Amino acid sequence: MNPIYLDNNATTRVDPAVVEVMLPFFTEQFGNPSSMHSFGNKVGLALKKARQQVQALIGAEHDSEIIFTSCGTESDSTAILSALKVQPERKEIITTAVEHPAILTLCQTLEKDGYTVHYLKVDGKGRLDLDEYAKLLTDKVAIVSVMWANNETGTLFPVEKMAEMANEAGVMFHTDAVQIVGKLPMDLKSSKIDMLSISGHKLHAPKGIGVLYLRRGARFRPLLRGGHQERGRRAGTENSASIVALGAACEQALANMAFENTEVKALRDRLEKGILAQVPNAFVTGDPDNRLPNTCNIAFEYIEGEGILLLLNKQGIAASSGSACTSGSLEPSHVMRAMGIPYTAAHGTVRFSLSRYNTEEEIDRVIAAVPPIVAQLRKLSPYWGENGPVTDPEQAFAPVYA
Amino acid sequence: MWEYSEKVQEHFFNPRNAGALGDANATGEVGSISCGDALRLMLKVDPESERILDAGFQTFGCGSAIASSSALTEMIKGMTLDEALKVSNQDIADYLDGLPPEKMHCSVMGREALEAAVANYRGEVWKDDHEEGALICKCFAIDAVMIEDTVRSNNLSTVQDVINYTKAGGGCAACHEGIEEILTKVLAERGESFKVTPPPSPVAATGKLSTLERVKRIQQVIEDVRPALQRDRGDIELVDIDGKTIYVSMKGACAGCQMEALTLQGVQQKMMEALGEFVKLVPVRATTPAPGLCNPK
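Protein chains in written order, with our numbering: chain A, 1 to 402; chain B, 403 to 699.
Treat the hints as calculated values from the structure; they're not laboratory data.
No experiment lies behind these values; they were computed from the predicted model shown.
Glycine is no exception: its CB is placed at the ideal position from the N, C-alpha and C atoms.
Please note that the accuracy of each hint is not assured.
Just so you have them, the derived chain B footprint on chain A, three or more residues with Cβ under 8 Å [said to hold, decoys possible]:
| # | segment |
| --- | --- |
| 1 | 11-25 |
| 2 | 208-216 |
| 3 | 239-245 |
Ranges of calculated distance between the beta carbons of each label pair, as one might list FRET restraints [to be verified]:
| # | chain 1 | residue 1 | chain 2 | residue 2 | range |
| --- | --- | --- | --- | --- | --- |
| 4 | B | Glu583 | A | Lys125 | 51 to 61 Å |
| 5 | B | Leu611 | A | Thr11 | 41 to 51 Å |
| 6 | B | Ile643 | A | Arg13 | 49 to 59 Å |
| 7 | B | Leu455 | A | Gln376 | 24 to 34 Å |
From the derived model, a few chain B residues whose C-beta atoms are all more than 10 Å from chain A [as the list claims (entries may be wrong)]:
| # | residue |
| --- | --- |
| 8 | Glu452 |
| 9 | Phe459 |
| 10 | Thr482 |
| 11 | Tyr523 |
| 12 | Arg524 |
| 13 | Cys541 |
| 14 | Ala576 |
| 15 | Ala590 |
| 16 | Arg635 |
| 17 | Asp637 |
| 18 | Tyr649 |
| 19 | Lys653 |
| 20 | Leu677 |
| 21 | Gly678 |
Modelling step: build the complete structure from the supplied sequences, incorporating the hints.
Structure representation (structure tokens):
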């Protein structure tokens, strides 16, 4: 039985054509792009092409606005720390309660260093309150960092609008866009976004390569100083094979954009409808009307996600969960908690994230596999009776320490 | 993905005694829904002999929580209540061939459900003194609450103190930032500030054990694990000790077995616990490995 990979928001397979493109850069194209001789020069030209391929995908005005980094996390840290460095008099940051740890953990550390961080709340569908945001935009704020699409639910934030609001208030704006780049079209030259993070391995490029988009004219201080690579904005010899691969992956993503939003979306909807039609006490988390075309996050009430994943894995199906056990922390996903999803459902959330490689046959296998797994675990659950949840579940089972 | 033993996986995929026990006369409900693990243990106790005639469970929780519940019910069936109360959380973990450090609390929950059920049968009120914090030290499975309490009650002020009192931080040292944060917080309550003290020399750190005592303990751990391996037609032998590296030879069915890495990891963990320091277990290849798995069940 072929394995079915539905965890593409975690990482994606490198497209075979992308692998093909990068291989020569381990062998004959090994030169240092900074070198004067022809070994280096050819590599330099390849990097230039890759930069333009990234530029085309995100609609940047200039290819020099593309800075290659090692990953999305590096891009995020570079953006925020740069904004703080160029504006030492500004000691506040605005972000959201549902960001990726790449932003949240950095912000928590900055709080210890004396910065004030405002975490925008979300409602039950994971949506922001823009009035709350508007009130916080003052000249004390160094940077706003808001993710474009949520990695767990796929819910989209109105970052273009938020960037305009920040721009009017004279505040820099960064967005962690690692989940959306390659899935939805964007045109940064017509936006007010100052900085944007990309991660290669989320769009069928290899791990270990990322991009920081930096609008021309936006004030900037590098995180890594040293050589003149990336115009002195990110020192360190270029990861040429991966940069070339990312360029090729961006070109493919652009070509597949329509497919992603029709075929992949249709498969996602088929999966979601198929599961919800058969499994009672299950619901979609986040904002179903405003989300990535490939992501579906379902809460299965009264059971815990790790068990679901282990049983899915036994059938060769790969997904992920927001339960405490799978995140290695004491609490279920901070995204689910921020939306006010009760514990009995938050621990049972499963994220299915598709890619253009998934097939209808695979999706039908998953639709068939999920209901018996949920039923099997509910049979063990103290909250579940013969044919449904016990009456008044929270009262019927109240373990000693809450 | 967690590194679950074969036995944990087996008990999760085929849990024993799952479901409500209709004629139970003792019930214990413990766990925490916020943490995502909770368990209802049900026992049918013979009033004459206080022997556990049957046991059942319902668990909301992860794979190892379900496996621990299943293991517990298997272990205590047929025991008297007093015998059952002697089953420790470590016994439950051992029965399952070990649990990952992040998952040891699942076995603790099993033990507590047992205490709660016995108290329920005897008409007593069970009070738990359980408080769990974020896992800080992954080498020795020690959480923040445990470290904080120990720092507070013993007036500790350095990372080395914490290592000496709790073992937390005594392994890979990656958690020292977390330990320093706890120290900073507790010291602030006492009106002091955290100061970095130079780490003791490696000799001083291991100085508590004489070389002879250290070798004896290493030999003892090897002797302790041998019967379990021999049952699966394998064996392990101590080859040499070179500082923190301990060379062993895997014999019989263990040599080249797919589970060898897991077995070695378990032994290494026991070794670290016995010595209170980080050691690395390195297998030495002797002969061509025999085919097959360790656990042909």
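Which numbered hints does this structure break? 1, 2, 3, 4, 6, 9
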